[in-house]
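Protein chains: 2
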Amino acid sequence: MPQYNAYLIDLDGTIYHGSQPIPAAKRLIERLNQAQIPYLFVTNNSTKKPQEVADNLSQNHQIPTTVDQVYTSAMATADYVKNQPNSTKKIYLIGEAGLEFAFQDAGIDLVPAEEANFVVMGLDRDFNYQKLQAATFAIQKGAQFIATNADTNLPSEKGMLPGAGSLVAALVTATGVQPTIIAKPEAPIMEGALAKLNHPTKPVMVGDNYNTDILAGIQNGLATLLVYTGVSKPDQVALEEFQPSHTINNFDEWSVTD
Amino acid sequence: MPQYNAYLIDLDGTIYHGSQPIPAAKRLIERLNQAQIPYLFVTNNSTKKPQEVADNLSQNHQIPTTVDQVYTSAMATADYVKNQPNSTKKIYLIGEAGLEFAFQDAGIDLVPAEEANFVVMGLDRDFNYQKLQAATFAIQKGAQFIATNADTNLPSEKGMLPGAGSLVAALVTATGVQPTIIAKPEAPIMEGALAKLNHPTKPVMVGDNYNTDILAGIQNGLATLLVYTGVSKPDQVALEEFQPSHTINNFDEWSVTD
Chain A
1 MPQYNAYLID LDGTIYHGSQ PIPAAKRLIE RLNQAQIPYL FVTNNSTKKP QEVADNLSQN
61 HQIPTTVDQV YTSAMATADY VKNQPNSTKK IYLIGEAGLE FAFQDAGIDL VPAEEANFVV
121 MGLDRDFNYQ KLQAATFAIQ KGAQFIATNA DTNLPSEKGM LPGAGSLVAA LVTATGVQPT
181 IIAKPEAPIM EGALAKLNHP TKPVMVGDNY NTDILAGIQN GLATLLVYTG VSKPDQVALE
241 EFQPSHTINN FDEWSVTD
Chain B
1 MPQYNAYLID LDGTIYHGSQ PIPAAKRLIE RLNQAQIPYL FVTNNSTKKP QEVADNLSQN
61 HQIPTTVDQV YTSAMATADY VKNQPNSTKK IYLIGEAGLE FAFQDAGIDL VPAEEANFVV
121 MGLDRDFNYQ KLQAATFAIQ KGAQFIATNA DTNLPSEKGM LPGAGSLVAA LVTATGVQPT
181 IIAKPEAPIM EGALAKLNHP TKPVMVGDNY NTDILAGIQN GLATLLVYTG VSKPDQVALE
241 EFQPSHTINN FDEWSVTD
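In order, the protein sequences belong to chains A and B.
What the first sequence shows, in our numbering, is residues 1 to 258, in sequence order.
What the second sequence shows, in our numbering, is residues 1 to 258, in sequence order.
One or more of the hints may lead you astray.
Since copy identity is lost for identical chains, a pair holds within one copy or between any two.
What the hints assert, rightly or not - Subject to a maximum C-alpha distance of 30 Å in a straight line, what follows is the list of computed DSS-like cross-link-like pairs (lysine-lysine):
(1) Lys196 / Lys48
(2) Lys233 / Lys141
(3) Lys26 / Lys48
(4) Lys90 / Lys141
(5) Lys158 / Lys233
FYI, nobody ran anything at the bench for these hints, they're computed from the structure.
Nothing here was measured: the structure is a model prediction, and the numbers come from that model.
Produce the complete structure using the sequences and hints provided.
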């Protein structure tokens, strides 16, 4: 009898480091498959389509992955909007292909800012003042403000790039309105991920980042497994008031069946 | 013997409302000229050249103004950088013509972000992600971060546009670094304005906005004159711990000679 019957698993820092595989992570996924325990990769990235995320895992990390095993903050954002009570949903989108695809896939209309009743913002490397201004006016006129995530930066080979959170800060400052944030550690992405796994009875949230992955689990009532292969370090985590359910140095220390 | 021997005077909301003149303001300036009391228009706007500000006053508001009577946050920013101890000053600039002109006028080099030891940010309606990224990298590598002003919005006929402060918020979030802010209510613009007036013994700061003009005066040891023709309202100002030296409904209530 496995301790947990569904795994929600972060990607960067947990399953790989950028283009670099983490071999013990591949072995964890193999044990989950062998034990027939369902899992879902849950990522704050909103710029990639789920097929791209699955292909990257299958082809570059030798972890065969289907599109159904991927849940991005873009997908969670589209699901969140879909579940809002508004009878019409017209989105002004600031974001990249992954976010655009998620709304198209959900059958939700993307419109110019003047017609929108939702402003959705993710990382957009084509962001500019005109988009900021259009979104500011729409929110001033009452559109609901939703952000895929509040990550301040994202790592790149050139250095720490400005993340979605830094674009969100501009729009928060211009409007005085705080957005609903979808991604880890917030609730919407966790609710969407658990729904996609058919509301498992004993799920565990797995990741390397205390402030996103582990807090997402703790704040949403899931067990948590922190792996020290990425962002968080034991001495920092020791200072936190709420501790992860489990901490390991790498996945070879973790058995899925007991 | 006049009560104050130099006037620092805000523009929008104080001398005019956008393109709309405030007749009592024109009469105040006439009385100052008659009494030979020097004055300087001190504005947080960084996008316009001083000549444009002077021309607008002369031509559209019938207040004859020379370029020497104008001090913008762009000029204050260039003066501030000029007075820094660094032996070389290379600026990566995010801003518009007024700011660019101020640095050229001060003989300070504008360079690509990779070569900069200062990042200077003002309102830039050509702002985009590439500029944000370039500035983020420069600050991460140690460039000093300076912002002309932190105004969250600026009024326009279309609505409240995102101000310099909203672009600054993006860069603060991406870098974790707080900028030196030049404009009212901060010290640098007041120090620059007082220097330009040759350090008058009894200056007064005049404006319509408690949070910028009046706080600028209070925090920098000047007398203050709040005129209720713009942003601030008496019932809000009554709640402030530090009160203006004087409050008036319009400039016809104010004598410059006693």
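Now for the hints, and whether the structure bears them out:
1. Lys196 / Lys48: within (19 Å within a copy, 54 Å between copies)
2. Lys233 / Lys141: between (44 Å within a copy, 24 Å between copies)
3. Lys26 / Lys48: For Lys26 and Lys48, the Cα distance is within 30 Å only inside one copy (21 Å; across copies 58 Å).
4. Lys90 / Lys141: within (14 Å within a copy, 42 Å between copies)
5. Lys158 / Lys233: Answer is within: at 24 Å inside a copy they meet the 30 Å cutoff, but 49 Å across does not.
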